[in-house]
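Student: Chain by chain, the residues:
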Amino acid sequence: MIELTGISKTFTAKQGSIYALKDVSLSVKQGEIYGVIGYSGAGKSTLIRCVNLLETPDKGSVKVKNVDLTKLSTGKLREARSNIGMIFQGFNLLKTATVYDNIALPLKLTGLSKQMVKERVEKYLNIVGLSEKQNAYPAELSGGQKQRVAIARALSHEPEVLLSDEATSALDPDTTEAILDLLLKINKELGITILLITHEMNVIQRICDRVAVMENGEVIEEGKTKDVFTSPKHSTTKRFVNSLFSHDIPDELLTNLNESGHVATLSFFGESSGEPALALISKKFDIYPNILSGSITRLKDESFGQLLVHLKGDQAEIEKAVQFLKEQNVHVEGVKISGENKRVS
Amino acid sequence: MAKINEFLDLWGADLWTSTLQTFQMVGISLAISVLIGLPLGILLVLTRPGKALGNKFVYNILNIVINVIRSVPFIILLFFILPFTKYIVGTSIGVKGVIVPLVVYTAPYIARLMESALLEVDRGVIEAYEAMGIKTRHIIWHVLVRESRSSIVLGLTIATIGLIGATAMAGLVGGGGLGDLAYRYGHLRYEVDVMYITVILLIILVQGLQSLGNYLAAKLKKD
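Protein chains in written order, with this note's numbering: chain D, 477 to 821; chain S, 17 to 239.
Hints may be right or wrong, so weigh each one.
[Claimed, not checked] With a straight-line cut-off of 20 angstroms between C-alpha atoms, the simulated EDC-like cross-links for lysine to aspartate or glutamate are:
(1) D:Lys590 / D:Glu642
(2) D:Lys571 / S:Asp239
(3) D:Lys547 / D:Glu479
(4) S:Lys238 / D:Glu634
(5) S:Lys235 / D:Glu608
[To be verified] Beyond 10 angstroms from chain D on every Cβ pair, some chain S residues (computed):
(6) Tyr75
(7) Tyr145
(8) Ser166
Please keep in mind that the hints were generated in silico from the structure rather than gathered at the bench.
Cβ coordinates follow ideal geometry from the N, Cα and C atoms, glycine included.
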């Protein structure tokens, strides 16, 4: 649906040029929710703005539904853009217009008849659940409600793709959940492909089918959310995964434990999180597993758990146990002491 | 009471004519100035480097021209552009002759005021409209001008009050008006009463305009 190939973008500032994007390629399939996560300054915002050419890439092609947008004339680009909805962190509504007009005005300007405009506004306000607020001004709405209006405005053009530029970053956790549920519903019921960028792990975790992790203008890891987060390779990805589980164990304790055995994080996914894997290894091998910390969370529709365990026993027995765990689809990673940062990585 | 009647008998007609002349001068030059100043303000915002139609050349030229005109005090401008005034309206005296310098004086001022009003509009909203595939001219009117309408009204209020001040000097080329009445009778002929009354009339006018402007601006602002 969205095909970005070899996108590069440099910004020239007084201090010289800054690479915002370095040869980035992404491909978003029809009907999926694709998330790009990264810390601020990673280039994700520039990347999403390249998809509808709010930012023109210096190099590379931007294909949406197999049409290369970079090659279109201004008029054709406008047409193509109306098939790509976009929502923003700052909502970007007209302050001087009511909820109704905020959705109706852009529709009117694209040449829809008055009757059509009315139908669309009512339909999409209903979908986002704000029908009774249609005469309110944005200043009278909460952040979540404003974002709902913005979503209705984007949907009212009946796009096939929705771009979400940090749409939940300005919202409190409860409202974020509600907006994410709405995005899921839009994706499922209207079949709209969603590309979103965020710095919040819970956004990816809750709704994304696939994820790309960005750093310094490059995609450092990419794939199914489950694969990327059960076996993260890059240290940044690991930091994001660890933000889901916080195992704050004092360094001294870890040192002591490491002397008498082996400390490891075990990640369980889906089916495997239901198995009593630890009980099994203590029966099968001559080791004593001790749970130091653990939690379970959700990755889209499946559960994702992590345990920090101390495996006490013979080195050879531990290795066998680890091997067994891996066969049970449990991701095992040894724990090192991370110096000043007590967080386990 | 008798005194008031006496004063009105003597000066009523003159005051009335002068007030009308002031309204006439302000009204006509304001209308023309807005027609020139608003588009200029929009152009300044659009051609600003880094904006939609970023064009350093046009922006710099506009900037310089506006600054040059704004540097000249109105009283000098009035005489300085006499030949131009004559060329445009065929005369350099009377209400007609005074409209041209008033417009030349006010339009660049309005352009600046409009520029600062339009710059307040959130860049994100404009982007949202660009992302929806809305034409630039529609964005200018329905987003840029609409969202800044409260500031525009306040700016126009300031410009109108400035314009009233300028019309006082217009008497010098026979434009008439309240300022001229106060100057000629009040100052030159020591008719102090006339001066006081015209000043009071001007104060009421300015106060009324500012209040109206504030009221409208508050009403148009929705946040």
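Student: Within a Cα-Cα threshold of 20 angstroms, do D:Lys590 and D:Glu642 meet the stated pairing?
Tutor: Roughly 32 angstroms separates the two Cα atoms, so the pair is violated.
Student: Sort out whether S:Asp239 lies within 20 angstroms of D:Lys571, counting only the CA atoms.
Tutor: This hinted pair holds, its Cα atoms lying about 6 angstroms apart.
Student: Is the Cβ of S:Tyr145 farther than 10 angstroms from every Cβ of chain D?
Tutor: violated, 7 angstroms
Student: Sort out whether D:Glu634 lies within 20 angstroms of S:Lys238, counting only the CA atoms.
Tutor: violated, 29 angstroms
Student: Does D:Glu608 lie within 20 angstroms of S:Lys235 when you go C-alpha to C-alpha?
Tutor: Violated, at roughly 23 angstroms.
Student: Grab the minimum beta-carbon distance between S:Tyr75 and chain D and tell me whether it stays above 10 angstroms.
Tutor: holds, 19 angstroms
Student: Please settle this one: S:Ser166 was flagged as non-interface, so is its CB more than 10 angstroms from every CB on chain D?
Tutor: violated, 8 angstroms
Student: Need the status of pair D:Lys547, D:Glu479: alpha-carbon distance at most 20 angstroms?
Tutor: Satisfied, since the Cα-Cα distance of roughly 14 angstroms is no more than 20 angstroms.
Hint violations for this structure: numbers 1, 4, 5, 7 and 8, all remaining hints satisfied.
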